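Trainee: Listed here are the chains, written in short residue letters.
Protein chains: 2
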Amino acid sequence: MFQELVHAKAFQNYLEKVDFPQKPQHLYDPIRYILSLSGKRIRPLLVLMGAELFDDSAIKQALPASAAIEFFHNFSLIHDDIMDVAPLRRGKPTVHQKWNDNVAILSGDALLIKAYQELSKCPTDKISALLRLFNATSLEVCEGQQYDMDFEERAQVSEIAYIDMIRLKTSVLLGCALQMGAIVAGADERSQALLYDFGVNLGIAFQLQDDILDVYGNPQSFGKQVGGDILSNKKTILFVKLQELVSPADQEELTYLLRQTIDTEPNKVEKMMDLYAKYDIRTLAIYQKEKFTTIAYEKLIEIQVETDKKQALFSLADALMHRVR
Amino acid sequence: MFQELVHAKAFQNYLEKVDFPQKPQHLYDPIRYILSLSGKRIRPLLVLMGAELFDDSAIKQALPASAAIEFFHNFSLIHDDIMDVAPLRRGKPTVHQKWNDNVAILSGDALLIKAYQELSKCPTDKISALLRLFNATSLEVCEGQQYDMDFEERAQVSEIAYIDMIRLKTSVLLGCALQMGAIVAGADERSQALLYDFGVNLGIAFQLQDDILDVYGNPQSFGKQVGGDILSNKKTILFVKLQELVSPADQEELTYLLRQTIDTEPNKVEKMMDLYAKYDIRTLAIYQKEKFTTIAYEKLIEIQVETDKKQALFSLADALMHRVR
Numbered sequence: 004m005f006q007e008l009v010h011a012k013a014f015q016n017y018l019e020k021v022d023f024p025q026k027p028q029h030l031y032d033p034i035r036y037i038l039s040l041s042g043k044r045i046r047p048l049l050v051l052m053g054a055e056l057f058d059d060s061a062i063k064q065a066l067p068a069s070a071a072i073e074f075f076h077n078f079s080l081i082h083d084d085i086m087d088v089a090p091l092r093r094g095k096p097t098v099h100q101k102w103n104d105n106v107a108i109l110s111g112d113a114l115l116i117k118a119y120q121e122l123s124k125c126p127t128d129k130i131s132a133l134l135r136l137f138n139a140t141s142l143e144v145c146e147g148q149q150y151d152m153d154f155e156e157r158a159q160v161s162e163i164a165y166i167d168m169i170r171l172k173t174s175v176l177l178g179c180a181l182q183m184g185a186i187v188a189g190a191d192e193r194s195q196a197l198l199y200d201f202g203v204n205l206g207i208a209f210q211l212q213d214d215i216l217d218v219y220g221n222p223q224s225f226g227k228q229v230g231g232d233i234l235s236n237k238k239t240i241l242f243v244k245l246q247e248l249v250s251p252a253d254q255e256e257l258t259y260l261l262r263q264t265i266d267t268e269p270n271k272v273e274k275m276m277d278l279y280a281k282y283d284i285r286t287l288a289i290y291q292k293e294k295f296t297t298i299a300y301e302k303l304i305e306i307q308v309e310t311d312k313k314q315a316l317f318s319l320a321d322a323l324m325h326r327v328r
Numbered sequence: 004m005f006q007e008l009v010h011a012k013a014f015q016n017y018l019e020k021v022d023f024p025q026k027p028q029h030l031y032d033p034i035r036y037i038l039s040l041s042g043k044r045i046r047p048l049l050v051l052m053g054a055e056l057f058d059d060s061a062i063k064q065a066l067p068a069s070a071a072i073e074f075f076h077n078f079s080l081i082h083d084d085i086m087d088v089a090p091l092r093r094g095k096p097t098v099h100q101k102w103n104d105n106v107a108i109l110s111g112d113a114l115l116i117k118a119y120q121e122l123s124k125c126p127t128d129k130i131s132a133l134l135r136l137f138n139a140t141s142l143e144v145c146e147g148q149q150y151d152m153d154f155e156e157r158a159q160v161s162e163i164a165y166i167d168m169i170r171l172k173t174s175v176l177l178g179c180a181l182q183m184g185a186i187v188a189g190a191d192e193r194s195q196a197l198l199y200d201f202g203v204n205l206g207i208a209f210q211l212q213d214d215i216l217d218v219y220g221n222p223q224s225f226g227k228q229v230g231g232d233i234l235s236n237k238k239t240i241l242f243v244k245l246q247e248l249v250s251p252a253d254q255e256e257l258t259y260l261l262r263q264t265i266d267t268e269p270n271k272v273e274k275m276m277d278l279y280a281k282y283d284i285r286t287l288a289i290y291q292k293e294k295f296t297t298i299a300y301e302k303l304i305e306i307q308v309e310t311d312k313k314q315a316l317f318s319l320a321d322a323l324m325h326r327v328r
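First to last, the protein sequences are chains A and B. Just so we're on the same page, our numbering is the position in the first sequence counted from 1, plus 3. Just so we're on the same page, our numbering is the position in the second sequence counted from 1, plus 3.
The hints are simulated quantities; they were obtained by calculation from the structure and are not laboratory data. Note that the structure is predicted; figures quoted are calculated from it, not measured. Hints may contain errors.
A pair counts as met if it fits within one copy or between any two copies, since identical chains are not told apart.
Unchecked claim - Straight line, CA to CA, 30 Å or less: simulated DSS-like cross-link-like pairs of lysine-lysine:
| # | residue 1 | residue 2 |
| --- | --- | --- |
| 1 | Lys-281 | Lys-124 |
| 2 | Lys-101 | Lys-294 |
| 3 | Lys-63 | Lys-124 |
| 4 | Lys-237 | Lys-101 |
| 5 | Lys-129 | Lys-101 |
| 6 | Lys-302 | Lys-101 |
| 7 | Lys-63 | Lys-129 |
| 8 | Lys-238 | Lys-101 |
| 9 | Lys-294 | Lys-26 |
| 10 | Lys-43 | Lys-12 |
| 11 | Lys-237 | Lys-26 |
| 12 | Lys-274 | Lys-95 |
| 13 | Lys-129 | Lys-43 |
| 14 | Lys-12 | Lys-302 |
| 15 | Lys-43 | Lys-26 |
| 16 | Lys-26 | Lys-238 |
| 17 | Lys-20 | Lys-129 |
| 18 | Lys-281 | Lys-271 |
| 19 | Lys-124 | Lys-271 |
| 20 | Lys-129 | Lys-271 |
| 21 | Lys-274 | Lys-294 |
| 22 | Lys-43 | Lys-20 |
Bound-form chain A, shown alone (with noise of 0.2 Å):
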């Protein structure tokens, strides 16, 4: 994991020397801010580790490309959380909350035209290709989000139509920066794009992991309230798929769980865990898991690198989804 500190401080020396004005204060003050929280960087860290899997010295040439996919992330950050109207984000007061939605409107709005900042000081012959994946990955961003939000006003949720969409919302971001990394690095478009869908079917494995941690997990090393997504009605894997399974009969009794609060019944949580146990629900969620966390594997073992070269990828791929080898 050496590399990867090496990593994580070239970053931040490059993020600490990107130019962001004084004034409009309440323009750039909240992007300082965001900035600020920082959060794992996991991002900016797969495209320098996307570029050093093909080429060493490509690294400090993948500065502004890892600091155009954590300004692309931090800006949807900004807006996602004033859509979820949430009140805070990584333990601190969101954007929207500190100042107001039209400030986090508009300083989200600057921040993506920072990321695209960025992009401009790549290597000019690669600018074309980086631009190209960049603006097919936010949109596809966007469009994540969109179903998100419009899931949460459905009854029903395909399994199909849950995994694309956090697909498109959280998984194709890793996959673009990987592959950013790997084209400032000079890599073919073969290699490429095994990278990209070792990132991408890795992120799905990872938040497919994060549902049923959520249930699952413990709680001590979680870090969050176990069954939150199911006080919440959120929609997860588990919950998809138990929608898909759920007998006539029991669908009765999960109608009723849905329109219940932790006051309106106190064993909501342990009362859902029941159903899911019923149908064998952690297993089909677990196999669904391991299924994309085995294609992402397979992908970055087809790239035609040495298997050296692959290590930190594999290590950190380890790392997220907590195997042990």
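The hints should help you fit chain B onto chain A, whose structure is shown.
Mentor: This is chain B only, laid out in the frame that chain A set:
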């Protein structure tokens, strides 16, 4: 003006071929809607005229850039209308009014990304320069919108600050449109800069004229309620000029008027116009408008191409500034 109709038709044909997916509906329907409200399409026309000035044969190649500018403009309308809580746009319900704020935020975001998707379709060797100009301009437009909102909260705004705000919010995009056309047509940097300055100065002059016509325009030909800016206490060139010149004695009257509505003071417009007359504000504003118009024309004159070729831009400027020559 015949050539302008040819450009308008070429742009419309191009626009109809741009792909906006059917799904998710709430993401792309609002985009189709705002683009269908059309408006004057002045910005894409400027791109095509900017290209034509240097190379007739580059007009077709400039179509994606013209779409990028029009998409950006419409993105900014969608988001500005949320921030301004505007119910109507071009006489029709605004996007946030017809759908809701979330739909307007996200479809606006998608339209901004679609603008960059058009940029990626520009001639490959020009993309880098176009991207840098477009990014810098887009950020400036955001800064202008932020200053505009900031100024609403402030009692005092200087003339310099006001003119800088309208330069950022509306004028730089006109300069950018013209320069993008020039870039596609392969114009040298000096000519690009002159054409940009022509657009920016013309844009400022046009906005100042709009401020003047709101008070002194012929209600029939102006098409808006005369005095609307006065009734809403809008910062205009007339207002900031008066603020700078008003005597302590008249300041009392001004402060009184700013606290009145049409209900508490039916003669608010007339009384404010009396103050304007006392300080000869109209003349001073017209002087400023003429100053920027003159700079604009000088910049256009300075460009090293045959005078014949500039005729279309002179005519367009004359039409915008209601000039007769």
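Trainee: What are the numbers of the hints the structure violates, in ascending order?
Mentor: When the structure is compared with the hints, numbers 1, 2, 5, 6, 12, 19 and 20 turn out to be violated.
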